[in-house]
Structures are given as structure tokens and as C-alpha cells.
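Asker: Could you build the full structure based on these sequences and the hints that come with them?
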Amino acid sequence: MKLNLIRFAAMAIITLLSFGTAHASTLNDVKAAGHLKCGINTGLPGFAFTDDKGNWNGFDVAFCRALAAAVLGNPDKVKYVNLTGKTRFPALASGEIDVLSRNTTWTFSRDVDLGFTFLGVSYYDGQGFIGRKSLGIKSAKELDGASVCIQTGTTTELNLADFFRSNNMKYEPVPIETNAEARAGYLAERCDVYTTDASGLAATKSTFKDAENHMVFPEIISKEPLGPLVRQGDDQWADIARWTLNALIVAEELGVTKANVNEKAKGTKNPEINRMLGKEGSMGKMLGLDATWAVRAIAAGGNYAEIFDKYLGTKTPLGLSRGLNALYKDGGILYAPPIR
Amino acid sequence: MNTKSLWTNERTRGLIFQVLLVVGIAVFIAFIISNTITNLEKAGLASGYSFLGDTASFDINQRLIEYSSTSTYGRAIIVGGLNTIVIAILGILAATVIGFIAGILRLSKNYLISRLVTIYVEFVRNVPVLLQIIFWWVILLSLPKVRNSLSIGDSIFLNNRGIRLPSANFSEGSVLVFLVFFGVLITLYFIKRWSHKRQEKTGKIFPFGFTALGLIIFLPALTFLLTDQPIDFNVPTRGRFNLKGGFNVTPELVALWLALSTYTAAFISEIVRSGILSVSSGQREAASALGLKPSLTMRKIILPQALRVIIPPLTSQYLNLTKNSSLAVAIGYQDIVSIGDTVLNQSGQALEVISIFMIFYLTLSLITSAFMNWYNKRIELVER
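As given, the protein sequences belong to chains V and A, one line each in that order. Take the first sequence: its letters are residues 0 to 339, numbered as in numbering that gives the first Met the number 0. Take the second sequence: its letters are residues 0 to 383, numbered as in numbering that gives the first Met the number 0.
Treat the hints as calculated values from the structure; they're not laboratory data. A couple of the hints might just be wrong.
Taking beta-carbon pairs under 8 Å as the criterion, some of the chain A residues facing chain V (in silico) [said to hold, decoys possible]:
{"id": "1", "residue": "Leu140"}
{"id": "2", "residue": "Lys144"}
{"id": "3", "residue": "Asn159"}
{"id": "4", "residue": "Gly238"}
{"id": "5", "residue": "Gln345"}
Ranges of calculated distance between the beta carbons of each label pair, as one might list FRET restraints [unchecked claim]:
{"id": "6", "chain 1": "A", "residue 1": "Ser166", "chain 2": "V", "residue 2": "Glu211", "range": "54 to 62 Å"}
{"id": "7", "chain 1": "A", "residue 1": "Phe27", "chain 2": "V", "residue 2": "Pro316", "range": "52 to 60 Å"}
{"id": "8", "chain 1": "V", "residue 1": "Asp234", "chain 2": "A", "residue 2": "Leu350", "range": "22 to 30 Å"}
{"id": "9", "chain 1": "V", "residue 1": "Ser205", "chain 2": "A", "residue 2": "Ser166", "range": "36 to 44 Å"}
{"id": "10", "chain 1": "V", "residue 1": "Asn166", "chain 2": "A", "residue 2": "Arg298", "range": "53 to 61 Å"}
Ideal Cβ positions, reconstructed from N, Cα and C, are used throughout, including at glycine.
Answerer: Written out as C-alpha cells, the structure is:
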């Protein structure tokens with residue numbers, strides 16, 4: 000009994016010591032740890048997946064690598080934490096991860112109420128529907144009375160309810176937790192249509208044996224701006240992450256690629272490239288990093304276009320066109336503020 | 000008594016340590032709780048339960064109470080809780096019936112029957128229940144597609160989106176039908192008491208089962224026909240995508256129900272078997288010596304004694320079934336966990352929602368065990 004008491008006292012002291020040290024600076028914490036803790040999806044084609052060597056890859060993962068390269072000088076110094084829709088926010092809020100790059104929609108309540116800072120938009124997505132061509136309809140507005148398979152755990156259910164309510168239509172929701180079972184339900188005709196983000200529909204359709212018998216309806220019923228986010232309250236860290244994302248977009252605009260970034264870092268005629276790559280001005284110092292932070296971020300996986308084409312573009316199984324995600328000068332809405 | 004003798008006294012020394020231990024544990028728990036709360040507030044993770052009053056903005060396909068996407072999160076969680084209770088009650092009833100039959104059949108002298116039941120028990124209880132849920136769901140999804148629904152008289156339809164039954168609309172005159180129905184129930188209670196007394200006095204057995212069944216169906220039906228049929232039925236019709244109208248039992252509910260009840264029934268059958276085997280064989284021999292039929296021996300002699308062994312482990316099986324129902328989320332039956340997950344995602348209130356889950360299952364389990372303990376007390380052997 001006495002032994003128990005001592006054990007309890009010891010446990011209490013250990014708990015006391017291990018709890019409650021406030022995070023002073025995420026940048027210092029990351030540097031001290033020697034690696035970046037990046038929250039990613041548990042597996043989503045194109046965005047976060049493991050290659051045949053077991054390494055994490057994908058559009059969301061590429062941002063983690065660029066950030067690690069900018070901060071720590073090495074894109075491989077990332078510790079990936081796989082998070083579900085349920086665990087992602089507590090993990091970020093509690094400090095288990097330094098940045099969340101997990102196809103997360105930027106919404107008012109997440110930004111304001113949950114106390115996070117979104118860094119910008121890395122992918123403009125929107126929710127759509129896929130259905131069989133044999134249904135004989137051309138538009139999602141003709142779906143009155145249909146059964147709809149939904150993958151739960153996102154903003155999907157809410158958009159769906161809003162869409163049907165505002166169009167004065169009825170439907171039967173069939174919410175299923177994982178993409179695999181939701182797809183099985185759709186293929187067995189448990190539902191007439193399947194709904195998720197358009198990028199997800201493309202990924203799902205690419206796995207169908209009879210893909211030509213299915214069609215994605217033209218309606219996009221929601222805005223889903225996906226982007227990385229950090230905890231609110233550490234502005235320096237948010238700036239570093241935000242400008243790493245912006246640098247990748249600006250690099251595409253200015254024609255800086257993975258192949259020529261080291262060449263251009265030696266100096267060019269374009270002052271904006273020189274500022275970004277550390278030849279002119281002191282952008283890196285303002286962020287609390289060294290001058291060549293952006294060079295390393297771009298060298299890690301290339302600029303925005305290179306990352307997009309590698310994981311999501313028309314040459315990949317997902318086969319997504321740039322669409323809204325093209326640069327503003329190419330007809331899209333991707334527009335990063337200038338680096339000056 | 001001086002201090003030294005206090006210390007050497009075994010009883011007081013034990014008491015001192017026990018008090019110290021209790022105080023220690025209490026302080027430790029209080030510390031953990033207050034530390035957790037402070038840290039959660041610091042991290043902005045715990046912001047209370049006020050979000051339950053916000054608009055849910057999502058839809059639910061199976062709802063026992065009025066609910067739409069303009070209802071609140073709190074109401075959505077209640078709808079989910081009721082769905083969990085529905086599957087728990089349906090599952091417990093079916094598992095008990097299947098389990099008792101399987102348990103008795105396994106002791107059958109018929110080799111084929113007892114072997115078949117053994118195979119069922121060993122197969123079902125050794126495969127993870129999640130896989131069985133998905134298995135049943137996939138089986139149900141391979142039923143005819145909605146456009147080729149099987150139908151009985153064009154009023155009951157079966158397809159891979161469920162079983163669609165006519166639903167009843169009650170108009171004003173239907174009160175009388177219900178009054179008659181409850182009247183019959185009360186009358187039956189008195190008939191039962193009377194037949195018991197008569198059997199004790201004269202030994203004559205009254206055919207209670209048939210009388211009850213006849214009265215329950217016949218009298219309300221007669222009232223229904225005499226009062227120009229106040230209940231009309233909403234018969235499903237074929238719509239563009241789905242059947243319209245009526246009442247739909249989803250394949251998710253049926254799959255979950257089949258999986259949970261067959262899985263739990265396998266365990267219950269083993270409990271029933273052990274209960275029956277615990278009754279001494281002299282009881283059975285004595286009963287047949289008195290000339291009782293085997294079925295009556297089982298019902299009146301063996302099972303009542305076996306129940307004393309069966310009930311306590313049976314309670315844990317009921318609790319297991321209730322808790323396993325949370326696996327519903329895999330196939331999209333909207334139970335409390337499925338709906339709670341959606342609420343959690345929309346509102347971001349992870350800890351609050353998880354705490355609601357815990358309190359809900361705890362309450363449900365405690366109610367179940369309280370009821371089973373009461374029943375156990377009732378059938379206990381009266382000892383003097």
C-alpha cells in the first residue's frame with residue numbers, strides 16, 4: 000500500500016512536469032527538433048500516398064517538403080503524421096504537428112472559431128456529382144428523389160443538404176465513412192449518384208472498370224478552397240509557411256523551375272526573381288531565415304505547375320486539368336501577392 | 000494509548016494507510032482533471048457545449064423524431080442516439096431468440112443438428128464482427144436493383160435500397176381502434192390470472208396463446224371495419240429514381256441487425272449450453288418419471304434453473320452488442336457515432352462530442368445492467 004502511494008506521487012510529479020509548457024516559437028521548436036512535423040491525409044490518390052518504396056508523396060506532401068527545405072535546408076527532414084478528418088484539428092491545436100497540409104477547406108468557422116490561420120489556397124476545389132449515363136439526366140438539378148452516397152467527415156454533407164434544400168428537392172442521404180465502401184455502394188446501385196469534391200470524383204472515376212458509362216455532372220455545388228494551415232498566435236511561423244506557398248506560385252509565374260532555380264539564384268535581369276531567390280534585398284532575413292530559403296523550397300519539388308502536373312495533372316491517373324488552378328494570366332484564379 | 004501503540008496496532012495502522020491512499024488518489028484525480036481542463040482551455044480545444052444549439056445543416060435518412068437540416072446539432076445527436084437504441088433493442092431480441100435456440104439445439108441428440116450448430120457457432124464467433132457487417136451489407140446490395148424491385152401485390156417492395164412497406168396514416172376515428180387494442184390487452188391480463196387460478200384448482204389447461212392471438216387481431220380489426228376504416232395506408236409507388244411514399248427499412252439497418260444478432264447469438268448459445276448442462280441430470284429424469292413431455296421439461300424444469308447461470312454472462316453479451324453497434328459507421332447506418340462524427344467535423348468540437356458518446360454508452364449500458372440485475376434478483380433461488 001505504501002508502495003502504491005509512492006508510485007502515485009511519482010506519477011503525479013511526472014505528469015506535472017510533462018504538461019503545459021507554452022510554445023514560444025514554432026520556428027525555434029522545429030529547428031531544435033531538426034524535423035518538421037507535418038499533418039497529412041491517411042491516403043488520398045494524388046494528394047498524399049506512399050510510393051513503392053514506402054515514402055510519402057503527393058500534392059499536399061510536396062508542400063511539407065518545400066517548407067522543410069526552406070526552414071531546415073533538407074526536404075527529407077519531415078515527420079509525417081497521418082490524420083483523419085476527425086483527428087486533424089485537435090492534432091494541430093495541441094501542437095502535435097507544426098503545419099497541417101491535408102486537403103482542408105478554408106471556412107469561416109475553422110479560421111475564426113477554431114483558432115487556426117490558413118496560409119492561402121493551394122487547390123481550388125468544389126463538390127460535384129458522378130452518376131450513370133443510363134439515368135438519362137444531364138444536370139444535378141434533376142436529382143429530385145434520388146439516393147445519394149456521401150463520404151462522411153467533410154463539409155460534403157452540409158453542401159449537399161444546402162443544395163437540395165435551395166433547389167427544393169428531396170433525397171435519401173447514404174453517408175458512408177470510407178471512400179472504398181462509398182464507392183462499393185455506388186457501384187452496386189445502392190445510390191443513384193456519388194458526391195464528393197471534384198478532385199476526389201476524378202480519382203474515384205479513374206478506378207472504375209466501366210468509366211465511360213459514368214459522367215460527372217456539370218454543377219459544382221460548393222466552393223472548396225483547400226490549403227495548408229497553422230495554429231493562430233505565431234505570426235512569424237505563419238508568415239514563413241504562407242510565403243513558402245506563395246513562392247512556389249510566384250516561381251511558376253516567373254518561370255523559375257526545379258531545373259533552373261540554382262542557375263537563376265546566381266542572379267538574373269529580373270529584380271523580382273533576384274529578390275525571391277535572395278540575390279537582392281533581405282527577404283529571408285525578414286522571415287527569420289537565411290537568404291536562399293526560396294531557392295531550397297523550389298528545388299525540393301519544383302514550382303506550383305511542376306508539383307500539380309506531377310501528382311494531379313492530365314498525365315496522371317487523376318487527369319485533372321488546371322481549370323481554376325491555372326495562374327490568373329492563364330485564365331485561372333491562382334494569384335500570389337508579389338515578393339517585394 | 001500513546002502514539003507508539005497507535006502505530007503498532009495493526010488495525011489503526013491499516014486505517015491510516017487506507018485514508019492516506021484514498022486522499023492520495025483523490026488529489027491525483029483532481030489534479031489530472033484540473034490540469035487537463037487548464038491545458039485544453041489554453042489550446043482552445045474545450046469551448047463548452049453551447050454548439051449543440053447551432054443549426055446542423057445536414058440530413059439524416061432514418062429518423063424516429065421530427066428532424067430536418069434546419070434542426071440543431073443537439074437534435075441530430077438525439078436522432079442518432081435513438082437509432083442506436085433501435086438497433087440495440089432489435090439486436091438483443093433477435094440474438095436472445097437465436098442464441099437460446101442454437102444453445103438448446105447444440106445439445107440435441109440428433110448428430111446432424113448439433114454438428115450444424117457447432118459449425119455456425121465456431122464460424123461466426125471467430126470472424127471479426129466488422130467483416131460480418133460488411134459481408135451482410137454486400138449481400139443485401141446484390142438484391143435486385145430498384146428498377147427491378149421484387150414486389151408483393153405492388154404494395155411491399157424489396158430491392159437493394161431496402162424493404163419499402165406501406166405506412167399508416169391515422170385519422171381521428173382511429174383512436175377507437177387503439178382503445179379497443181389496449182382494452183384487449185387489459186382483458187387478457189385478467190384472463191391469464193383466471194386461467195392460472197383455474198389450473199391450480201382443477202389442473203385444466205386453458206389455451207391462452209391462441210385466445211390471446213385471436214382477440215388481439217380480431218377485435219381491433221372488427222372495430223376498424225365497423226368505423227368506416229379510419230386508418231388509410233400510404234402505399235409506395237414507383238418514382239423516377241426511387242420508390243416514393245411508404246416506409247423504408249434500409250439495407251444498412253438490416254445488415255447491421257443480422258450481423259450483430261448472429262454474432263452475439265453465437266456467444267449466447269454457448270452461455271445457454273453451459274447453463275443447461277449445469278442443471279443436474281436428476282432433474283430431467285425426475286420430470287420424465289412424472290410423465291412430462293420433453294418440451295415441457297425444458298420450459299418448466301430445466302430452463303428456469305439454467306437461467307440462474309445464464310443471466311449474469313448474458314448481461315455482458317447484451318452490453319457487447321450495444322457497444323458493437325457503433326461499427327455501424329462503416330456501412331452508413333446513422334447511429335450516434337456516425338452522426339456525432341459529422342457534428343464533430345462540422346463544429347470542430349472533438350472533445351465535447353466524444354464525451355457525449357462516452358456518457359451515452361455508459362448510460363445505456365448501466366440501464367441494461369440495472370434491468371438485468373433486477374431480473375437476476377427476481378429469478379434467484381430463494382435461500383433461507
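Asker: Run every hint past the structure and note whether it holds.
Answerer: Now for the hints, and whether the structure bears them out:
no., hint, verdict
1, Leu140, "holds, 4 Å"
2, Lys144, "holds, 5 Å"
3, Asn159, "holds, 6 Å"
4, Gly238, "holds, 5 Å"
5, Gln345, "holds, 6 Å"
6, A/Ser166 with V/Glu211: 54 to 62 Å, "violated, 40 Å"
7, A/Phe27 with V/Pro316: 52 to 60 Å, "holds, 55 Å"
8, V/Asp234 with A/Leu350: 22 to 30 Å, "holds, 27 Å"
9, V/Ser205 with A/Ser166: 36 to 44 Å, "holds, 42 Å"
10, V/Asn166 with A/Arg298: 53 to 61 Å, "holds, 60 Å"
Hint violations for this structure: number 6 only, all remaining hints satisfied.
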